[in-house]
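Order-wise, the sequence lines are chains A and B.
When we follow the working numbering, the leftmost residue of the first sequence carries the number 4, and every step to the right adds one.
When we follow the working numbering, the leftmost residue of the second sequence carries the number 4, and every step to the right adds one.
Treat the hints with caution; some may be incorrect.
All copies of an identical chain are treated as equivalent in the list; a pair is satisfied when it fits inside any one copy or across any two copies.
Stated by the list, open to error - For lysine to any residue, the following SDA-like pairs were computed, each having C-alpha atoms within a straight-line distance of at most 25 Å: (1) K88 to G236; (2) K61 to D181; (3) K233 to G75; (4) K88 to L19; (5) K71 to Q31; (6) K88 to L116.
Worth flagging that the hints you see were computed from the coordinates, not collected in a lab.
For clarity, every value in this text was computed on a predicted model and none was experimentally measured.
There are 2 protein chains.
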Amino acid sequence: MFRYKVTLSYDGTQFLGWQRQPEGRTVQSEIEKALSQILNTEITIQSSGRTDAQVHAKGQVFHFDSDKELAGEKFRYSLNRVLPKDIHIIEIKNVPTDFHARFGVKAKHYQYLVNVGEASPFFNNYRYELMRKVDIKKVLLASKDFIGRHDFRNFTSKEIDDNGFIREIYKLDISVQDDIVTFDFIGSGFMRYMVRMIVGTLLAIGIGQEEVSFVHERLLATPRQTVRYKAPGQGLYLVSVSYQEEA
Amino acid sequence: MFRYKVTLSYDGTQFLGWQRQPEGRTVQSEIEKALSQILNTEITIQSSGRTDAQVHAKGQVFHFDSDKELAGEKFRYSLNRVLPKDIHIIEIKNVPTDFHARFGVKAKHYQYLVNVGEASPFFNNYRYELMRKVDIKKVLLASKDFIGRHDFRNFTSKEIDDNGFIREIYKLDISVQDDIVTFDFIGSGFMRYMVRMIVGTLLAIGIGQEEVSFVHERLLATPRQTVRYKAPGQGLYLVSVSYQEEA
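So here's chain A without its partners, still in its complex pose (with noise of 0.2 Å):
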C-alpha cells in the first residue's frame, strides 16, 4: 500500500464546505469521485480537518492510500484535468504510511482580509466587505490578549471536545495595506467558527461596539459565554498546513 499527500487549492465560493454530505457539492466529494474515477476504485481522503462554506484554501492538504504506485507529477496533471476548475491539486507525494494529515497537524496558517474601505464588485465572494471605519490601534491592542495559550471555548460553536478547548496562538499578526485590513493567524489548531469569532471581536471593537478589555474578560469567563460576534466565510483563507517531518 502506497500512501500520498496531496496539497491543494480551492475558492469555495461554490461549495458546502469541505465535508463530504449526502446532499449538495462538497470539496472532499467532487475530490473522491475524480479520485475513484482515475483509479478505478472506491477512494476515501482525510483532510487535515475541515473547512465551513464559501471558507478557501490556498494550501488545504488530505491524504489517500492506493495500492497503485502513482508517478506523481503526471498523475497531478490527470487530476487537475477530471476535477472541476474551482479545485486546484498543488503537489502530490508519497509520504510514509505512518503520515496523517489529521492527526500529525503541527500547526496551521489562516488569514483572513476585511476590506475597510470603498466596495469592489469584484471581491464579495475573496473578502469581508465591512465598509466602516475601523480603528486599527484598538484592534492590534485588543489582538495581543488572544496570542498563546488559552481556554477558547467563548469563540468557538463547539459544545464539546475531545482535547478540551485550550489552544495556542502562536502568532496573529495584521497588517493594513490599501484599505484591506489581512489577519494572518499561526496556531496549533482552530476549533470551527474560531477564527472567524475572534476576527468577528476585533471588528466588533474597531467599530467600537466593545471595548478593548473585552477579549481578555471573555478569555477567562466561564461558566461559558459565547461571543456573538462571526465574521462571514468568504474572507477566510486555510493558508497552509504544517507537519512534524517538515520541522
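With chain A's structure known, arrange chain B on it following the hints.
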C-alpha cells in the same frame, strides 16, 4: 431636465452582458430597475457601448436624464444600496445636456489578462487560464502591426457597420508579471469581439499556431476573411472611457 454621467464597475460573471434583453440578467436592466425604483419613474440609460457576457468593467460610463436635481454623493449611496453587489457605482456627476455617453466617446481603454503559468482556482472568472508557454517576443513583435489606423473587418464579428470598419488603436502595451500577461488597449473605438479576436490572434502566434506575418496579412485581406481566434470573455475588462470635455 438634468443629465447625469455615471461611472461604474461590475463583475460580468453573472450577467448575460450589458444590454437589456427580454430574458435573463443584464447590467443595464439591473441599473434601470434600481434607478426607476428610487426615482419612482421609468428611467432608460445610455452607455458608452455594450459589453458581452462574462466581460467585466472597472470604469464603464452611462448617462440618464431626470427632472429631479440629485445630490451626487447621497444619491450614489442610495443607488449602491439598492443595486446587487456585483455592480458598484463609482461616481455620479451632473453634466451639460449635450453630453452623450456613446456619441461623445473620445477613447476607450480595455485590458485583457492571460495566465500562462500554473492554474489557480480563484481566477477562472477573472482571466483567461491559458496554461501554455507563450513566446512573448513574437507576441510583442506581431502586436506592433495592430497599432495605428487600420481596417479591422477581419477582427470583428460585425457584418456591417455604419461607420465602416476603420478604427485607430493609439496604444497596445503588453506586460508580463508572475506569469500573467496583461494587454492594454487604448483606441478610438472597438467593434464587437475586436479586442478578444486581437488577443486570440496574438496568443495563436505566441504558441506557434500562426506566423508573426499573419497579423499584417489579415489587416490587408479583402474580401473579408475573419480570423477564427477569439479569447474568452472573462479575461476582458473595460477600464475607462474618455470624453472630449476632459481633454
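Checklist entry - Honestly, which of those hints from before does the structure not fit? => result 3
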